[in-house]
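2 protein chains.
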Amino acid sequence: MNPLERFYEKELPRINRFLESQAERMHVSVRPTVRHVLDSGGKRFRPVLTILMARALGYRGDDILPLACSLELLHSATLLHDDILDGARLRRGRQSAHVLFGSTHTILVGDALLALANRLVAEYGIPPLTRHLSEALLRTATGEIQEIAHLRDTDLSIATYYEIITGKTAFLIQAACRCGAVFADASPDMEEAAADYGLSLGIAFQLVDDALDYTSPASVSGKPAASDLKEGKATLPLLLFLADLDPQERRRLAEDFKMDRLTPDDLENLRDTIVSGGYADKTREAAASYLARAETALAPFPASPERDLLALALGPMLDRKK
Amino acid sequence: MNPLERFYEKELPRINRFLESQAERMHVSVRPTVRHVLDSGGKRFRPVLTILMARALGYRGDDILPLACSLELLHSATLLHDDILDGARLRRGRQSAHVLFGSTHTILVGDALLALANRLVAEYGIPPLTRHLSEALLRTATGEIQEIAHLRDTDLSIATYYEIITGKTAFLIQAACRCGAVFADASPDMEEAAADYGLSLGIAFQLVDDALDYTSPASVSGKPAASDLKEGKATLPLLLFLADLDPQERRRLAEDFKMDRLTPDDLENLRDTIVSGGYADKTREAAASYLARAETALAPFPASPERDLLALALGPMLDRKK
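As they're listed, the protein sequences go chains S and G.
Residues 1 to 322 in this note's numbering are what the first sequence spells out, letter by letter.
Residues 1001 to 1322 in this note's numbering are what the second sequence spells out, letter by letter.
Take the hints with a grain of salt, since some may be wrong.
[Stated by the list, open to error] To spell it out: a stretch of chain S is covered by chain G in this simulated footprint if at least three of its residues, at any positions, have a beta carbon under 8 Å from a beta carbon of chain G; those stretches are: (1) 25-31; (2) 101-109; (3) 144-155.
Calculated directly from the structure, the hints in this document are not laboratory data.
C-beta atoms are modelled at their ideal positions from N, C-alpha and C, and glycine is treated no differently.
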C-alpha cells in the first residue's frame, strides 16, 4: 500500500461518518435521496484535497471535516442537478436519483445540499471560505450553462471548450484547494499556489474524463460508452479530430452531428475512428501537461509528507480507468 | 399616496437598479433568464422588508442593498426551480422561464442565482448573515420537498400543512427580517422580535395565497383558477372543507382526489362549493390571526417611521387581490 492509499484508508471513514451524520440530521423525506447520492461510490476527492492542502500548509487542528465535507456536498448537489440535465439514467452503474425519486424532488434535494454546505461553512465564521465557495458554485453553474448552450456545436473553439471544462469542473476543485489553504491561514502567495494546483488538476481531471468517455467500456465506467458523443457534447477528442479533417468532410460531419442525424452505428464508427486516430490519446497528453503544471505549482510549498501526497496524487489521475 | 407607497416609490428604483447591475455582470448566456425572472413583476417584498427592518432597528448606513437584494435573488432562484416542479406554464400571466429557455438551463440559472446571493452576502464578512440565509434556504427546500411528498394527500393534517407553508414560504421572509435586524446590530431580543414578525407575516402571506388560489380569477392572478386543486395540492380551504364532510363523503372525495379522477367540471364544482361554503374566507381569517401576531411582535420596537411602515404593511397583505 503506497502512502496515498494509506492516507485514504485513514481519512475516508472519518469523511464518510461525517457525511452520514449530516444526512441523518436532514428531514426524513430528504434522507433517502441524500444517502443515494452520497453512497454512489465517489472517491471523496474534493474533501481529501482540502485536508491535504490545509495540512501541507501547516494546519494541525481537528475541525476541518465540516469544511472538507461541504465540498463533497456541493459536488453531490451539482451531480443531482446535472443528471437531470443530461437525462442520464445511470451514474457509476446505478440508476440516477431523478429516475428513482423523481426530477422535482431531486432538484430540491440538490438545493437543500447546497444550502447545507453553505451553512456548514458559515458556522466557522471565516467569510473568505463562504466567498470562495459561492464564487466557485457560480462559476460551476455558468460553465454548465455554457456547455448546454454549445450542445451539438462543432464550431466550438478549443478555447471555449477549455472555458467550459474549467467552469463546470475545475473551479470547484480549485475551491477545495484554496479553502484548505485559507483554513491553514496560508500566506497570499501560498494560497495562490494552492489555487493554481487545484485549477490545473481540475482541468486535467476533466480532460481525462473526456478521453475516458471515448475509450472506457461501459462495464468499467458504469455509463454508456461515448455518451458525450451521443448526448451531443463536442469534447476535445472530437474537436481535435474535426480540426484534422478536410473542410468538406468536416462540414458534412458537423452538419450531421448538429442535426442529430448520426445512427448508433455511425456513432460507434465515429468513436472507433477517433480513438484509432489517436485523438483520445492526444486529449490525455493535454491532461498530462496540466498535471505537470499542477506539480510545478507545488514547488514553493515547504517539504512535508502532505506535499508529497499532493504530488503523488497526480500520477494516478492520468492512469485511472474510470 | 400613503407613507408605504411613498417608501416603495423611493426604494424600488434603487433595488431594481442594483438587481439589473448584478444581471449585467453575469455571463451573457445566463442574462436573459435572469432578467426574465427579475422582471416578472415581483413586488420586491423581501428586500423592502430587510431595509425597513434594519432602519426600524437603528441602521442608518447606505450599504444594505446587496443584502436586501440577495433575498430577492434567493427568492427568484426558488421561483425558477419551483416552476419546473409545478410544471407551471404561467407565472404572473407570462410564460415560465423553463418553457422559454428549457428546464436544464433554468435549473442551472437557479443555481447561479443561489450562488450569487451567497457571494453578495459573504462580501460583508458578517458570518451570521450567511448562516441565517443558508438555514432559510435549507428549510425552504425541505418545505417544498414535503409539499411534493404530500401531493394528492387529503389525509394531510392541518399541522403538517402549516409545517409545509412555514417551510416553503415563511422561513425566507423570516430571514429577510432577521438579517435586517442583524445588519442593524440589534439586541438578541429585538432580533427575535424581528424574526417573529417575519415568520407570522410569511405564514399569513401563504395563507392568503392559498385562499386567493380559490377565489381569484385567472385574469387577475395571472395563473389558472384553482391551480392548487388541479395540481393536487391540498391547501387549507380544501382541508377545512374535508373536515366538515361526513366520513363517507370525505372518503369518496379523498379517494377521487388522490387518484386524480376529478374531471375539469368536478374540479370547478368543488371549487365553487368550497368558496361558497366559506372555506376560503376561513383561510383568510387564519391569515388575519397571523397578521395580528406579526403586529404584536412589533410592540417592543422603538417608535419610528419605519416601525409604523412595518405595521402599515400588514393590512394590504390581507386585502390583496393577487
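Quiz prompt | Violating hint indices (sorted, rising) | solution = none
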